[in-house]
Amino acid sequence: MSERTERSEGREGMPGQPRMSERTERSEGREGMPGQPRMSERSEGREGMKEVEVSTKEPLVEAPADAVAGEVVLRLTDVVKTFPGVRALDGVQLEVRAGEVHCLLGQNGAGKSTLIKVLAGVHRPDSGEVVWRGESAAFANPQAAMRAGIATIYQELDLVDDLSVAENAFLGHEPRRFGFVRRGHMARRTRQILARLGHPEIPPGRLVRHLPAAGKQIVSMARALSHEARLIIMDEPSAVLAHDEVGNLFRIIRELTAQGIAVIYISHRMEEIREIGDRVTVLKDGRTTAASLPARETPTRDLVARMTGRAIEYVFPQRPAADGTGAELLRVDGLTRHGEFADVSLGVRAGEIVGIAGLVGSGRSELLETIFGARRAQAGTVRVDGRVLRPGSVGAAVRAGMGMAPEERKSQALLLGEPIYRNVTLATFGRYARLGFTDAARERAEADRVAASLELRPRDVRRPVRTLSGGNQQKVVVGRWLLGETRLLLLDEPTRGVDVGARAELYQVIRDLAAQGVGVLLVSSEVPEVLGLADRVLVMREGRVVREAPAGELDENTVLDLVMAGSLMEGAPA
Amino acid sequence: MSDTDTALPAQSLPVDRAETAKADAAARLSWWRGDGGEGAKRNLGLLATLVVLVVIGILTRPDLYGDPNWVWGNTLTILKLASVVGVVTVGMTFVIIGGGIDLSVGAIVALAGVWCTTVATQSYGAGGMIFTALTVGLAVGVVNGLLISYGRLVPFIATLAMLVAARGLAAEISDKQTQVSTSSFINGIATTKILGIPLLVYILVAVVAAGWVLLNRTTFGRRTVAVGGNPEAARLAGINVRRHTVLLYALSGLCCGIAAVMLTAQATSAQAAMANLYELDAIAAAIIGGTLLSGGRGTIIGSLLGVIIFSTITNLFAINNLSAEAQNMVKGGIIVAAVLVQQVQFRSLTQFLARNRATTT
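In order, the protein sequence lines correspond to chains B and A. With our numbering, letter number 226 in the first sequence gets 226, and the count goes up by one each step, no holes. With our numbering, letter number 43 in the second sequence gets 1043, and the count goes up by one each step, no holes.
Bear in mind the hints are in silico, worked out from the structure with no lab data behind them. Since the model is a prediction, treat every value here as computed from it, not as a measurement. Treat the hints with care, since some could be wrong.
Some chain A residues near chain B, calculated using beta-carbon distances under 10 angstroms [claimed, not checked]: (1) Asn1216; (2) Thr1218; (3) Val1225; (4) Arg1235; (5) Leu1236; (6) Asn1240; (7) Arg1297.
What the simulated footprint calls covered on chain B by chain A, stretch by stretch (three residues with Cβ under 8 angstroms from a Cβ of chain A suffice, anywhere in the stretch; the number is not a length) [stated by the list, open to error]: (8) 189–201; (9) 397–408; (10) 416–427.
Even glycine gets a Cβ: it sits at the ideal position worked out from N, Cα and C.
Using the sequences and the accompanying hints, generate a full structural model.
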């Protein structure tokens, strides 16, 4: 009930009408922005690129001749899309101009993904109007949208791992002659596009499987450019990237927009929107609550208020005074896996939150999985309560009171088609069983108790997990370990893809658990999260712990320096 | 992100309340719920298919269907026909839900049948024969499981190899001869009737019931769904995926052992070529029954209906005096049609509901 009242209050406090007519200084400023200086900027950074740049003289991504910067290319009016039981889009307004980066902001479940799929031709709207370049459009299928010049880069990249970079870039529209693919021509054009994207070092013939996540994203973008897209939709592109790779992404985006290509950019990270965005449209519950706000000038509080319907600040729970007296639950000594991490030692006390900061590829996730027994250590020991755990056995870790929320929710933690309660009790259903017979009623009751304490929405534990938003799915994963006797919780990127409101709730849940005496080992690529939530912080770089200190003694810049110092790593290590 | 955005708060939508009420109603029918709401819907489609087949029978042979005694007798014939493959299919369903496949079931049935009818085994009497058949089935299943979970062989390859090897061993043991069963107890299994219904049908019902309980009401069943649906998630939740995989193939092997006894009893003999292509019948029945070949979803009732549909088709051809060749062609068509119908049916149903909701809200 409390949930309901809170929500309805939120509604009342919601800002009134979308402001479609608002013109911003930023977007006007961009009209006159020359594309040229950026090129020189770029060549400073990379040596050995000159040679390739010569070949890019011939424009491979022909800037659409008729693309006038500032001209409205896409306009959505009152778009509605319903699914069984859900009104996913309930009157969306959106206006995108050529050459701008238009950010889409909204909590998980606000309708962003559905909106993207409508634009990409995956879904057709039930009502409302989509005007694309002056003409009313309803794309029958993704190919039609592609042909019209709308390319979408999904969060889970839709590349074929066992095809080459060039084959992926031109998948479905390979240059042909007499029915044969012109491989040489395709490779050449791919090389040109990659150079354009600032990545001439990626060989067109390389299998996509062998590329790191950032490289795959580049290939996705190359595919968009191979279609001569006029609008590129990017769904949380930075989520798969390490910190230093985001800068490169932004550089590419700026170059695209300088050519009059429009970009719809989706991200949960406010600082990214500030940096790259021109205008922001905010969605909530499938409706546009604010249209085309200036991305830099609009105060964060306003944006958050429009997303959540209530004015909250992004806060971490109060950290209790560190006493350092809790019994040491976890002791890791000299843990090593060749090529992943080496000689890692750490301890976690009861009631303590220990954070690990590090880039993707620093070995942090591998470390967590090894402690949990999901990988077998080549050297070193893991002790819980002073007793050495059998290496390579998740069962032993769980019996010792350990629980882990892995990095990839969907592929590593959830049975998406199964009901919520069965996901919550996945690690504990045996405990409620009698003589091997499961007790579904008890499981549902226990799961419901957890759902209530985590404020899971919706609360019906018989629903399939698939129907939950990302933040709520994460609560299910964490909630799994609240049943039973988990005393040590390993959390790998607990807030990835989780919206602002749900984040604050998750932080509170984690802190509450610590207050109850649970030891928490937390991994996150977001440094402020580690600093804000943890009591003690370990910084990892290239598989080694390079610094350990109480969170209060570190600041963001120090940690970032440590994390990246001397690191020229691109993507994941071998 | 891809499918998360469809989850809007329930209380903002009146239609959701109706859905919740419906879910509650479904939850009250306990056996229904356990088998999964979606699966139950699919099973209704299978029942409809069965009805259509019966109607075709009535239309083509109204003379036979006019006689209630013949109808009853024919129904028992169909069930008896379904019994042996049915038992094998129950084991197969577990393996497929658990994310695997067992191509060796026919070969295991043959090996167990041959082994239990050797002169040496028969000297221990009916008890010794049954024990031998079950043990051989179980043991071969365990070998399959060990090869797959600890030897890291792909299930397809491991059980394909076992198919070849087990039939070879069966031919070796029997010296390619037909071994006659002299045990009147064993042979009686096929001829005994209780309350007018053949014992073989009781065995099928017992195995199906046990399979249903195992899948829907026990930790074993829950682990099976978890292991097949998302092995990584199961592993990280502390489930011993490898051990469970071994158990799944062992279960399949045990079912084959039971089927071997039933088939030996029916033929009063065993030979290396018996139960030929049972693996295909069992896999086809499971798939028609709605079991997902990629694992994580499936129902025992659906598999049973799949087997009965097959034996009804066989029967339909027999009473119309049509050839076995035509029969196989139709069976192939039915497999494709059943899967197509299930997909279309489900999709159009959801679309229909969606439209309905859109107009009522």
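Status of each hint after checking the structure:
| no. | hint | verdict |
| --- | --- | --- |
| 1 | Asn1216 | holds, 9 angstroms |
| 2 | Thr1218 | holds, 5 angstroms |
| 3 | Val1225 | holds, 7 angstroms |
| 4 | Arg1235 | holds, 6 angstroms |
| 5 | Leu1236 | holds, 6 angstroms |
| 6 | Asn1240 | holds, 6 angstroms |
| 7 | Arg1297 | holds, 6 angstroms |
| 8 | 189–201 | violated (count 0) |
| 9 | 397–408 | holds (count 5) |
| 10 | 416–427 | holds (count 6) |
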